[in-house]
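Novice: Residues per chain are reported as follows:
Number of protein chains: 2
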Amino acid sequence: MPTSETTGAATLEARLPAGRVLTAQASLAGYLHDEGEWAVYGDPRAVVRPESTQEVAEVVRWCAETGTPLVARGAGTGLSGAANAIEGCVVVSFERMNAVLEVNAAERWARVQPGVVNDDLRAQVAQHGLWYPPDPASSPWSTIGGNVATNAGGMCGVKYGVTRDYVLELEVVTGTGEITRLGTRTAKGVAGYNLVGLIVGSEGTLAVVTEVVVRLRPLPPAPITVAGMFDSLVDAGRAVALVAESGISPSALELVDRHCLKAVDDWKHMGLSTDANAVLIGRTDARGEQGEFEAAELARCFEEAGASVAAVSADEQESEALYAARRLAYPALERLGPVLTEDVCVPRAKVPDVLARIEQIAAAHDVLIANIAHAGDGNLHPLIITEPGDEAAKARAHAAFTEIIDAALAAGGTVSGEHGVGTLKLDGLAKELPPASLALHHAVKHALDPHGILNPGRAIPPLP
Amino acid sequence: MPTSETTGAATLEARLPAGRVLTAQASLAGYLHDEGEWAVYGDPRAVVRPESTQEVAEVVRWCAETGTPLVARGAGTGLSGAANAIEGCVVVSFERMNAVLEVNAAERWARVQPGVVNDDLRAQVAQHGLWYPPDPASSPWSTIGGNVATNAGGMCGVKYGVTRDYVLELEVVTGTGEITRLGTRTAKGVAGYNLVGLIVGSEGTLAVVTEVVVRLRPLPPAPITVAGMFDSLVDAGRAVALVAESGISPSALELVDRHCLKAVDDWKHMGLSTDANAVLIGRTDARGEQGEFEAAELARCFEEAGASVAAVSADEQESEALYAARRLAYPALERLGPVLTEDVCVPRAKVPDVLARIEQIAAAHDVLIANIAHAGDGNLHPLIITEPGDEAAKARAHAAFTEIIDAALAAGGTVSGEHGVGTLKLDGLAKELPPASLALHHAVKHALDPHGILNPGRAIPPLP
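Residue numbers (UniProt numbering), protein chains in the order written: chain A, 1 to 464; chain B, 1 to 464.
For reference, chain A alone in the conformation it holds in the complex (with noise of 0.2 Å):
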């Protein structure tokens, strides 16, 4: 006798083409949850991979007739527990649906899949001279649908902001089933509300994302690299401060510690030098004089904050070999144990007492916190990293993961600058947002996806 799960699963299947769902226990691990550490997941009851969006409106039918959760997914590279399987729900994968389909270099947008992989789009808009530029560290593997899903940031947001600054257009499919368009390919438009930014960073719990405008730039000219090395995490911070207040607009501004440093040379064996207990990585691609007006900007304002040395480079290889170690960072440390990752985000001027409480927060606990940072935003990424399966350690980690969280909001931040709420925020965002706010998110929640089956119990926390 089949059980009510390969039932349900069955009659799914029969309103699809073949191949497109995996029930199989064996053929399911691999879809369970992304890379938030101890966020909870489930068993899916399907799998599903569709390869367009009237067999994604078919699932999202099928599940509102059932009642079963939906959960999309990318690449699975989230850090919140937004694309873990929910017991008994029927997951979506883009990973067939993941084609550029056209590049307008005249209008400067592309076209796009959701299951296009974020590197993969660069390259291909690159042969026009074009440039998308939402840079996540998890641009080789993570896709432009978890991208949009959780609004990704990275690296040259300081100047360029993020995914919802580029995304003109999406195909959806609403929580009814029904497809339909969104936005404008224009340059302004103000016909209609803003449902594209609103769907943008909302977890996948207002709709499936099937189809996606995004607005390119021209490729910007190489970089100039400035590096400053520093004895102590709180003088980064104070440079990050000094540069805010100078005005420069630096297309990165990222920070590392020797934790992170040390990390990526024992894997990588890069030859980084971890002398320096944190280092603070600034690059401008301002062309001409302002680009050496703003590169001497931020080597005054490394040195001002006291750091050792502040080179300047234009050197492409060297100012790869930094950034690189930058990018890796996260994996590097993975290597070591389970790590628990915080995304807080506060004011720039807070920077340097935010990174002094995060110390006291780390001695107080007897945990290990490295500090990787998109320093320039005042977005912090404090690494929480236990021995794996020592329990004790997972429940100190989890207490300072939760005084990190209170000391944004009393420094005036929030609780997610780019990684999103998933299910491990739920409780910092509860401490967020005023009572009367959480109402409305959940008009909103309710009015587009009035079945309740869209990754319900993500991205906002329940009604008290």
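Possibly wrong hints are sitting among the right ones.
Identical copies carry no separate label here, and so any pair may be met within one copy or between two of them.
[Stated by the list, open to error] Each computed DMTMM-like pair below joins lysine to aspartate or glutamate, with the alpha-carbon atoms no more than 25 Å apart:
(1) Lys-262 x Glu-334
(2) Lys-159 x Glu-297
(3) Lys-159 x Asp-285
(4) Lys-431 x Glu-211
(5) Lys-394 x Asp-427
(6) Lys-431 x Glu-107
(7) Lys-262 x Glu-359
(8) Lys-431 x Glu-178
(9) Lys-159 x Glu-58
To be clear, the hints were calculated from the coordinates, so they are not data collected in a lab. These numbers were taken from a predicted model, which means no experiment stands behind them.
Starting from the known structure of chain A, arrange chain B on it as the hints suggest.
Specialist: Same frame as chain A, but now just chain B:
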């Protein structure tokens, strides 16, 4: 005996401090409509001039209890009828909530009340070396609240974006009369849905905005201006397409035709030449070499498209005179008769085609159409001018208005680039939105305004 209307107003009056509520016919006259020519309006039951958010909440609650429509109003410079009184409504005018409450120079934001005039905000933040970019031509009169309601654009939108790009946080009164804050002041944030971006541009139909935190930038350097004189609108349109292809980022790219230059000169006697049929005003505010390069590129594009003169000028007075002509075009034309203002936005490469189509439409309907445009964005403002009192011409103007909308939609454009929908563009928007998208719009409207009191009938067309 008091009428039911005055009884209504009396119970409202009783809930507010003295002097807030106007009901005398004469005192209501200035609050009947905005500058959207021919948009419908009715007689308000009362006008309220609140002095605090609590008072606004009191008005919303009274409206919810009595089922009275509420129309929020800034300076009334809108062009689509969105701030027009609805028969029997309460108009909430923010003229007394017009303070800049706080400027945080280190974090680059300002916290303001909705009634502050755009230019007053600019003047105040300039004292800190800071700049609030969105610059609708109405900036000497229009308010930040109105700019937020319409997601106002302006001259510098082509490089610096529009109002929504600068709103970090809102305090709002919800449709049920609750006060809450939305958004975050940090540089990035993905905690919760993007309700700020949803409410910006929603024309007072989703919430009543009572406070705005806007992002500021450092003051830009003085611009270099490049003016091109063209024999035809279509040639000027070709120059716009060439600039778009060139990859440079002008800080303005404005088109003014002969009709507009003549109207301004007849009014202000600025000595403007009206030899050319169209003038393009390009600007760059890039520093140093890059600025010189961009100015040269603008001149090259203008010449390639057939400009007879392409004059580059760093002289501020000369450049300001042309720029002032652009700003004054609309009020100058209004002196000649009723002006029906179009606001379509089209793909940049389609600007020459659509300008040619507009000339055909003017000829076919025997109406005068003057043209100004934020040409670099593809945002065209054909201005249809008729003789005062000529009803037949009015009918022809309406037909032309509708055909321009159809032409823009056929070119892949949108019915409104920046003026908003109000009531004038409801029919056009009904053509633009797919049915499933319109249904989502109504779901969102009902979710945030369950009593249907917030500027009902504006911004989104009715369900079919």
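Novice: So, for every hint listed, does it hold in this structure?
Specialist: A quick look at each hint next to the structure:
1. Taking the shortest alpha-carbon separations for Lys-262 and Glu-334, only the intra-copy value of 13 Å comes in at or below 25 Å, while the best inter-copy value is 69 Å.
2. Proximity of Lys-159 to Glu-297 under the C-alpha cut-off of 25 Å is found in both arrangements, the shortest distances being 16 Å within a copy and 24 Å between copies.
3. With identical chains, the CA atoms of Lys-159 and Asp-285 are at most 25 Å apart both within one copy (10 Å) and between copies (17 Å).
4. For the identical chains of this complex, Lys-431 and Glu-211 are inter-copy neighbours only, at 22 Å across copies versus 34 Å inside a copy, given an alpha-carbon limit of 25 Å.
5. Taking the shortest alpha-carbon separations for Lys-394 and Asp-427, only the intra-copy value of 18 Å comes in at or below 25 Å, while the best inter-copy value is 59 Å.
6. Taking the closest pair of Cα atoms, Lys-431 and Glu-107 come within 25 Å of each other only across two copies (23 Å); inside a single copy the shortest separation is 43 Å, beyond that limit.
7. Taking the shortest alpha-carbon separations for Lys-262 and Glu-359, only the intra-copy value of 18 Å comes in at or below 25 Å, while the best inter-copy value is 67 Å.
8. When the C-alpha separation of Lys-431 and Glu-178 is checked against a cutoff of 25 Å, the pair qualifies only between copies, where the shortest distance is 19 Å, while the shortest distance within a copy is 35 Å.
9. Taking the shortest alpha-carbon separations for Lys-159 and Glu-58, neither the intra-copy value of 41 Å nor the inter-copy value of 42 Å comes in at or below 25 Å.
Comparing the model with each numbered hint stated earlier shows that hint 9 is the single one that does not hold.
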